Each structure stands twice: as structure tokens, then as C-alpha cells.
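> Numbering-wise (our numbering), the sequence shown opens with residue 47 and increments by one.
Among the hints, erroneous ones may be present.
Unchecked claim - Below 20 Å or equal to it, Euclidean Cα-Cα: the simulated SDA-like pairs (lysine to any residue) are:
id, residue 1, residue 2
1, K237, A353
2, K237, Y297
3, K237, G292
4, K237, G77
5, K237, T410
6, K237, E398
7, K237, D265
8, K237, M47
9, K237, L416
10, K237, R361
11, K237, L293
12, K237, N148
13, K237, E411
14, K237, M254
15, K237, G226
16, K237, I257
17, K237, R260
No lab work stands behind these hints, which were simulated from the structure alone.
Here the structure is a predicted model, which means the values were calculated and not measured.
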Amino acid sequence: MNVDVESLGAVSRTAREGGERAARNLTGMTGIETTVEVSKVTLASADDLASDARRVGVATDFEGGMDGASLLTVSPEGVETLSEILLPGDGVEEDAVSEVGNVVTSGFIDEWADHLGTTIDHSPPRYVEGTGEQLLDAAGFDRDRAFVFRTEVGAVGESLDVEFHLLPDRDSLREMLGDGEIPVEKLTTLKQMARTGAETTSESVSAMTGIDTRVDISDLSFVPVEDVPGELSDREYVGVVLEFDGLPGGYIVILFDEASAREVVVALVPGADSVEEFDETARSAVEELGNVMTSSFVDGWANVLDATIDISTPRFVHDMGSAVAESVVARLGRTQANAVLFDATLRADDREFDCEIYALPDETELRAMLDELEPGETAERTTKSGSL
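Start from the sequences and build out the full structure, keeping to the hints where you can.
This is the structure in C-alpha cells:
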């Protein structure tokens, strides 16, 4: 199957509209003010979607103008919130989740039916519970499915998070996306290159700081440019923004939560026992680490393509994640309507540590890169990065 970025961006917009419609249904049903926190089309495998956290929810099958399956899940805390509002009492959790699942799923499916100008019927919801992998199996997740439409709905002032995965089958996807120029197999290779780059970046962080990090999440998604800030949290971050130039060009954003940034500075600056504020010395340490991390991330691409990718001087940022993204989108949005977004999260097993990496390639240059890329190539490399 071949696709193009424009068609992926278009279905991503419909996915967001479906999420907003579903959120309105949830608000009308519960009286809870809800917001769509994440909505994107991802190139996903079962390993990406599966998690160890236990959740409960409903699975449905749908057919008509679009065929496939859907999975709506809620955290245990969210189940308590829904039960207290809808069906107070003991032993009613399954009924509450099934009722919410039916109404919210209808919101998503109905939006797609309106978009496609057709009718989509869905089965009665089946109650499911378990880990991510168990839930996917219960939903009949096809391991060969290329794209997943993922939406997260949160609540204002309540402990409630709802995740929705729309899983169209390949024939339905082909009809929606048309016949583009990019083979899905090349996107899969691109995703693996980004994953390898994130792993090399993690090794660089560990070598420079002594903090043993690992890649916890790695994703490749397609979103309208204006929706990119919504993919980042509104909490305060410390980090850097860099521009890279070559094949491809684009931007990289590296963000640490404030506590992790302080820990990094203490590890990098001789004699620093604590960090009260991010002064010039602390900023320089974050910038230097960001420079090394970016080099680690993109050098593998350059090796595979036998090309040179130059990176700019890091720009220190200390702001909400969405605000940082807006500064990048303002520049990227001048030339493209849709974005291909790589994102990875680094964590540590022995401490609280959170580092998020976002790469936004220039769409035109990404196309040129994909023309040069052979499916199955990898970005393994020996980092040229040194220590401070």
C-alpha cells in the first residue's frame, strides 16, 4: 500500500473531529467537562500499542463504508469516576463502562460516516479488561494493520482518561488514503531509523550524565501542523530547539521536565550539588547535552543515506511544551500544512527521569529522503559524540 502525507493529514483532521464529537457525547452523558488531549494517526505495531498498565473498556467491530475494529479503554481511577456519576453502588463498573463505551464509540464512528458520506454500523460493545496486549487481542487487532487512529480524552478537574483506538482494515485504509507515492514499507523503515536514533541518543545521555536511561516510547505519527502543539504537555520543560539541514532538514525539540533538567545539570557541571535556577552555566550544560543528543539522533540517518546533516547552535528554552512547539510550528507552517512527527521518551529505571524528543522533518526534504531510502535499511552507527 502506498500513501502520501497530505492524505494522512486529512484523515488525521477527521480523527480529531471524531474525538471532539466523542468528547461532547461524554460530557453530555456525565456532565464532566472534557478535552481532546491527543489525536493522531500513527504507524503502529502491537508492540507500540501494548503496555503493562491494566485498563478496562469495550471493543467493537464496524462495517459498511469502513470496516475494522475499535477499542475504548479507561484507567481504573476513571472507572471509579464514571461509576460514581452514572451508576452509584457496588458491582456496576462493567455496566458503567459499557454504557460510556457505546455512546463515546458512536461519536467517533458517526463522524467518520459523515466524513465518508456513508453508513457505518458497529456491533454492541464487548466488555474487555487486562494489559494493553490483552486488550488488543480482545479487539481482534490485526498485526498487519498499517495505521491506527489514536485519541485521548481527558477531563477538567476529574480523574478520568479515555483512550480510543480506531483500527481500520487495510482495504478501508486504501480507499481512504488513495494511492500515494510512499510505500508503507519505507515508512516502517523510517520509523525504525528514528527508534535506533533514539536508542543511540539514550546511550549518549547515559555516557555523559551517568544516568542509566532507556527508550520507553517511540512513535511516528502524522498530524496537521497546527495540531503539533497539542501533542506536547502544558507543563513546564527545560530543553533546547535545534534546526537540522541536509537530507532531510527540519527541527528537533528536546525537553526535560524541570526535576530531570536539574539532575542533568548537577551531573554535567563540576562542583554543582544542586540547581536553584537555570543560570548561564546551567543553560550551557543543557545546550551542550542537547547538541550531543541531536547529533546522536540524526547521524544514523546521514550514514544510511551517505549524506551530511548539519545541526544549528542549540537554542535554550524554559517554557510550557505546547508553547515551545508553537515557536517551531510558526516556522514549519510557512511551507507545509501537515507534519510527520517522530517522538520518543527516555526514562530511567532507578529514578524519576523524563526526557522527550520530537523531530519534525521538512515535508519536501523528507520525500526526497524517502526516494533514496531502501526498505529494511537501519540507522545503526557508532556515535561521534564526546563528553563535555
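> Each hint: holds or not?
Consistency of the hints with the structure:
1. K237 / A353: With a Cα-Cα distance of about 19 Å, the restraint between K237 and A353 holds, given a limit of 20 Å.
2. K237 / Y297: Between K237 and Y297 the Cα gap is close to 17 Å, so the pair holds against 20 Å.
3. K237 / G292: holds, 19 Å
4. K237 / G77: violated, 40 Å
5. K237 / T410: Roughly 18 Å between the alpha carbons, so the hint for K237 and T410 holds.
6. K237 / E398: At roughly 27 Å apart (the allowed maximum being 20 Å), E398 and K237 break the hint.
7. K237 / D265: Answer holds: K237 to D265 is near 7 Å, not above 20 Å.
8. K237 / M47: holds, 16 Å
9. K237 / L416: Holds: K237 and L416 sit about 12 Å apart, inside 20 Å.
10. K237 / R361: violated, 26 Å
11. K237 / L293: holds, 16 Å
12. K237 / N148: violated, 34 Å
13. K237 / E411: Holds - the C-alpha atoms of E411 and K237 are around 16 Å apart, at most 20 Å.
14. K237 / M254: violated, 26 Å
15. K237 / G226: holds, 18 Å
16. K237 / I257: violated, 26 Å
17. K237 / R260: With Cα atoms ~17 Å apart, K237 and R260 stay inside 20 Å; holds.
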